[in-house]
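Q: What follows is each chain in one-letter form.
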Amino acid sequence: MKTFSSTLRSVPIVFGLLFISAASIADEIHIAVASNFAGVMKTLVSEFEDNTEHRVILIAGSTGKHYAQIVNGAPFDLFFAADVKRPELLDTQGLIEPSSRFTYAIGRLVLWSPRDDYVDSSGVVVDEVDYHYLAIANPKLAPYGRAAKEVIESRGLWEALQGKLVRGENIAQTYQFVASGNASLGFVAFSQILKSGKVIKGSYWKVPEELYSPIEQQAVLLKNGDVARDFLAYIKSDEALEIIESFGYGVKGVSD
Amino acid sequence: MSIECRFHIVRSDFVLDVDLLLPSTGVTAIFGPSGSGKTTFLRALAGLENNEGYLKVGDVIWQDEKHFVPTHRRSIGYVFQEASLFEQLNVKDNIEYGFKRSIDADQSVMHRAIILLQIEHLLERRTSELSGGERQRVAIARALSLGPKMLLMDEPLASLDEQHKKEILPFLERLHAELEIPMIYVTHSVDEVAHLADQLILLDEGRVIGNGKISEVLTRLDLSLAHGERAASLIQAKVGEHDEHYNLTTIDFSGGQFFVPRKQLPVGCDVRLRVEARDVSLTVERQSDTSILNILPAIVDEISDENDAQVIVRLKVGDDLLLSCVTKKSADLLQLQQGKKIYAQIKSVALL
Amino acid sequence: MLNEYDLSALIVTLKLASISTLILLIIGTPLAWWLANSKWKLKPLVEALIALPLILPPTVLGFYLLISLGPHGVVGGAMQWLGAQPLAFTFAGLVIGSVIYSMPFVVQPLQNAFAAIGTRPMEVAATLRATPMDRFFTVAMPLARTGFVTAAVLGFAHTVGEFGVVLMIGGNIPGETQVLSIAIYDHVEALEYGNAHILAGGLLLASFIMLVVVYSLNRHFSLLQRSDR
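Chains as they are written, first to last, in the working numbering: chain Y, 1 to 256; chain P, 1001 to 1352; chain D, 2001 to 2229.
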């Protein structure tokens, strides 16, 4: 009996705790962000948090997984995807705030090798085929992979290279394949080989943008709220665009 | 074929230190309380212990500083306390497991073992279908089928209940009678020793404290076996004649003859008698007005205190030895001392 | 029902699991025997090393494999020095990864089975003139049969279910390193839930059946053993 009554007594306390946390949720938002953009996002969020009272909780992961989670009711306020497809799908399914979908960054494809003087300035090395493996992201899943495939196809090498191609499930893995030296070179994101605005090491070819269709990354507002709208406004500010660019992404309406 | 062994085995809880010459025939019982090292000694003979020592069997050195013949190359048969049959094999395959691998084995030895232990009808059975006694018989037949040069038995009856012990004991006695190879038999049962042993080695805390013919070791007054409730002597004897009128059988031995109730045994047959110390009383003169039939002339060999009120006396009767337990008062009245001629009155005798 | 890619992923998976299981049984048996009988004081170190994949996320193992197989890594460097082909993105590389990854699932059931036998049956066999090798094959192996079935099924099933390691060192080459679990992942990521269901459901069912086999065999054998006593 004693335990029962003490349980009863603790009930109000539990309710109280629930209220406190509910109140704190009010100025806190959850953002699902594509892994490739997580680094930039952290910088943006800390800037945002410094200038406001708000708190942002980032959930980095694959866009496919985030999409499945959102469809199944995950409590995200904003979704920064790695492509256009998933935000578009959510849009047509009516799972987003109307007309909130926009392109927040444009990925840039580079052919990169950690070895110096390996990748030439026009990517001829791809045609020579005397490397061990060429890493690309899975074209079916990752926009960078689709772009890489377009570049290889434009050179008429897609069939010929089949035995040489290794596919990462996402662009981060593709980068690991190359960085660890297991693949000689690979098509990776420009943002991956930049650190504080400088290329970390090796040689690279910045693939001309006309060789592949743009790697647009779109974001959507899932739950309308003051904080989320504040954050969107911040993301679209010149200050934020500058940060995004400095990480190696292109931005809409700002010419490179 | 002599068996010469010296073992020095150090374990965390005890040290075994033995230096023995084992007889090349008959049953040698290794007797002692648990923890005395008797199983360790047997395992050392089999090469199952990792130890220092010296072991020479016949002309062949099985172990010294340089050599160590591994267990599987020693010509031994080993019967463990539990039958330890291979459960994945049936009875026949269990017996043939060793038979097929032993260079000493031949078909007739195996058949003899199977017949001796009466397991012909069990050969096709699964081991799980056997009783405890049957399992142990199969295990003994399996060891014998190897055609070993010596048989090592580690308390083969200890894991059995009384009924199964009684079932196996006759088989062991037949082994004793028929086997030409030495058998080393570890036990802590005085009964088994009395039934089976020719030679007795007494172990205590890893040391040999007694070693000799069973009748001598059992009656050594400096050892514990000759003291206590069950102190008894063993006498090797032969069936003399049957008295049809009184329904008695006479048993002859070196010191005379015993009368026992009629036994269905052929004349001249070897028997073993057990005489308990408390059943033997002493008189200076030969009594004629007594109901006791078995009165034998004896010579006092040695006297030792049993407790505050009693002494235990060892008597020489012919070449055999008897124990008698009497009060100190009687001992004084009869003026017992070494060499004194006396008569032993024996109330009862057990035929083993 | 299965398209060409999924079918080839299925074949690669079955091939990978079979070969890995076979290698694991060959390596794992003596290793488990040694672990079950050794009194070496550094044994826990070896045991812990083998058990690591049980608790490590597979991606950790995959990551270190990727690094070590690379030209600057220990294995990759040695391979390069020997003039051999690098192992990353090859079927052989996957086999190595799977063998390490599934090792505890094979070694532990075997070790337990060997330990359960105890020393007595082996001593009995020794007194019956069986050499150490003979004893192992005729006594220890038959007595440890449940352990072998468990080890083989768990090793196989665990390799079939492997994802993280393959993800890291596979490179998703169809017919070579693209396995079932990766194919499922790709289908889910590409929103092809129908194909994903076929593969994932099939894998679920097959794994369940394999485990049922293991448990019922264990039950069967333990009943047999109990009736022996």
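Do not take every clue at face value.
To be verified - Straight line, CA to CA, 16 angstroms or less: simulated EDC-like cross-link-like pairs of lysine to aspartate or glutamate:
1. Y:K65 / D:E2192
2. Y:K85 / D:E2047
3. P:K1316 / P:D1243
4. Y:K164 / Y:E153
5. Y:K164 / Y:E216
6. Y:K85 / Y:E245
7. Y:K164 / D:D2134
8. P:K1100 / D:D2134
Hints listed in this document are in silico derivations from the structure and should not be mistaken for laboratory results.
Q: Against each hint, give a clear statement of whether it holds in the structure.
A: Now for the hints, and whether the structure bears them out:
| no. | hint | in the structure |
| --- | --- | --- |
| 1 | Y:K65 / D:E2192 | 13 angstroms, holds |
| 2 | Y:K85 / D:E2047 | 48 angstroms, violated |
| 3 | P:K1316 / P:D1243 | 27 angstroms, violated |
| 4 | Y:K164 / Y:E153 | 14 angstroms, holds |
| 5 | Y:K164 / Y:E216 | 27 angstroms, violated |
| 6 | Y:K85 / Y:E245 | 23 angstroms, violated |
| 7 | Y:K164 / D:D2134 | 49 angstroms, violated |
| 8 | P:K1100 / D:D2134 | 12 angstroms, holds |
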